Amino acid sequence: MARVRKIMLADVPVLKKEAKVGEAARLLAQRGSGCVVVVEGQKPVGIITELDIVRNVISKGKPLSMPIGLIMASPVTLMEPGMKLDEALKIIDTKKFRRYPVAENGQLVGLATKRDIVNAISDNLRFHRNIQNTVLVLFVLFELFVFVFSKYLAGLPFLR
Amino acid sequence: MIRIRDIMTKDVVTIAQGSSITEASKVMASKSVSSIVVVEKSGPVAVVSESDIIAGISSKKNKVKDIMKKDFMVISPLTRFSEIEKSARNKKIKRFPVVENEKLVGLVTETDIIGATRDFTRFSQMVQEIILGIFGLATAFFLFYFSPLGASIFR
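Protein sequence lines, in the order shown, are assigned to chains P and D.
If you count by this note's numbering, then the first sequence holds residues 1 to 160, one letter each, in order.
If you count by this note's numbering, then the second sequence holds residues 1 to 155, one letter each, in order.
So here's chain D without its partners, still in its complex pose (with noise of 0.2 Å):
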């Protein structure tokens, strides 16, 4: 089971909502991230995205406070990612900030759920497989407990 502690991106780029859009970008660009946090009292009170800047440059927004986007879901590091893992693609959410005690902790972004997805299928394709193998040892002991040899050694 993959718990979001293990996924999630633990350096979380943080900024104040009364920063400006080009100071957000330039600490993106810095950072080499593609979403930041805006905090206050070292709580998550927003999102801002790569595709918030650009909504904000071309509708001539000046400040993070005018683009950032406020209905995100918080989620604990507890959490299960198959539970999230839905949300992700049905609402299109692309980021989870994570939060414990009232405080950031880490970021689960949509880099961080792909990941984890390819790892949860290679895991449920070696599952299947021993599944299998367990399947086709008792097929073959099923046969042989049947055929003339089995059974006049078992009976």
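Same shape as in the complex, but just chain P (with noise of 0.2 Å):
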């Protein structure tokens, strides 16, 4: 089963909590990641999504030179790179939020989203299941010819 650090984001935009709405916007125009994690250092304290700021801001007519420091989502969840596609699954299942830092030792080294893992899950499976159905059919195939010619493979001299 494949880990987190497989599928996630590696370059995942960042911003300090003091920087301001506008900024994160323009952020997430350019970069069209959906989500901004917001870093003390190198350690991930929050994440702003692009929901937090059309719900909490531009709906409310708020002006975007607020700190993102006040809408944002913290504490935030964290991954870990060596984390299982399936107890990422499990994270997912429980806090039902769509985007997870990934964090080695405090450290931010990317992002995971939640339709990355289960399209990669999914992926996983299917892989799988072919390779099960392929060798399924092979043996059935044999089993088949065994059947079918038991007679005359009785005959054979190596067999008896």
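Quick caveat, the hints were computed from the structure, so don't treat them as lab data.
The reader is advised that the hints may include incorrect statements.
[Unchecked claim] Distance condition first, Cα-Cα at most 20 Å in a straight line; then the derived EDC-like pairs of lysine to aspartate or glutamate: (1) D/K86 to P/D123; (2) D/K92 to P/D123; (3) P/K95 to D/D112; (4) P/K62 to D/E23; (5) P/K90 to D/D112.
[Said to hold, decoys possible] The calculated label-pair distances, taken between Cβ atoms and stated as ranges, are: (6) P/L144 to D/E102: 50 to 56 Å; (7) P/P63 to D/E129: 53 to 59 Å; (8) D/F141 to P/N105: 54 to 60 Å; (9) D/R80 to P/M66: 42 to 48 Å; (10) P/Q42 to D/G43: 48 to 54 Å; (11) P/K43 to D/K10: 41 to 47 Å; (12) D/K63 to P/R129: 47 to 53 Å; (13) P/M1 to D/L132: 17 to 23 Å; (14) D/E102 to P/E87: 43 to 49 Å.
Given the structure is predicted, the values throughout are model-derived calculations rather than measurements.
Note that CB positions come from ideal geometry on N, CA and C, so glycine has one too.
Mind assembling these two chains? They're in different frames, but the hints should get you there.
What follows is the structure, encoded as structure tokens:
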């Protein structure tokens, strides 16, 4: 089973919590990542998504100059790069978020999304299913062969 | 087989082209949705997502018609899920308005697609396990047939 490291987005947009909402919006528009991770040094302390900005700033007519620290979601649920995708899915099912910063020893290394995790698991299972089915078909063909030709095979000298 | 009508969101939030971005964001916030469909004569003409609003705000636009995305894929309630799964992944399309008789009847969002992918995976695993079970029984029969005991019964 693959691990979070393999499916995470390594190049995550980050901002300090003193940054303005306008900056975050510009970064989001440029990068299309859907969220910005708020960091202190290299440590992820919060997350701010497009939806947070729309719901808490734009729809309420608040100024874009307010700091993102006021509207960010914090504390944030983290994942580890060595985590198996099954474990990651368990976290997703309990926390119900869509995006999770990935941190190793407290340092931000990537971003994992629910979509990528679910897709990776589904691909993985499909791949294994295909292998299993191929082996099954070969086996069944072999069995059929032995079944049909068992009479003649029994006469072969090396089977005596 | 999963059809679109089984996974789509039926209460679609809509808005007119002439509305302002602020209005659109208010609608999004009050209905707790992340995408709204721009309609004209009950047919969809564009989709507006939270990313479009963010992009619009950062480039100082005011009207919904300046930020809406017109290149969307329209599907019918009878479309198969597997058909849109590919476009959703490869073309990174996140929203599919569902149209029947030129009327907007639903919307398939990223959340719906993820949920359906999980259900579909679970379903395929179940089918796989049934196949494995049948195969196991067949193998058991096969081994029995060729065993001395089986041979004395069958032949």
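Hints, one by one, checked against the model:
1. The hinted pair formed by D/K86 and P/D123 meets the criterion: a straight-line CA distance of about 12 Å does not exceed 20 Å.
2. Distance hint between D/K92 and P/D123 is fulfilled; the C-alpha atoms sit about 17 Å from each other, no more than 20 Å.
3. Between the alpha carbons of P/K95 and D/D112 the distance comes to roughly 18 Å, so the proposed pair stays at or under 20 Å and holds.
4. Between P/K62 and D/E23 the CA atoms are separated by roughly 14 Å; this keeps the pair inside 20 Å, and the hint holds.
5. A C-alpha spacing of about 19 Å is found between P/K90 and D/D112, which places the hinted pair at or below 20 Å, so the restraint holds.
6. A hinted range of 50 to 56 Å for the beta carbons of P/L144 and D/E102 is consistent with their spacing of about 54 Å.
7. For the hinted restraint 53 to 59 Å between P/P63 and D/E129, the CB-CB distance of approximately 57 Å keeps it satisfied.
8. In this structure the supplied range 54 to 60 Å holds for D/F141 paired with P/N105, their Cβ-Cβ distance being about 56 Å.
9. The hinted window of 42 to 48 Å between D/R80 and P/M66 holds, with their beta carbons roughly 46 Å apart.
10. For the pair P/Q42 and D/G43, the supplied restraint of 48 to 54 Å holds, since their beta-carbon distance comes to about 50 Å.
11. Taken as a hint, the range 41 to 47 Å holds for the pair P/K43 and D/K10, whose Cβ atoms sit roughly 43 Å apart.
12. Take D/K63 and P/R129: their Cβ atoms lie about 49 Å apart, and the range 47 to 53 Å holds.
13. One distance hint, 17 to 23 Å for the beta-carbon pair P/M1 and D/L132, holds here, with the actual separation near 19 Å.
14. Between D/E102 and P/E87 the C-beta distance comes to about 47 Å, which sits within the given range of 43 to 49 Å.
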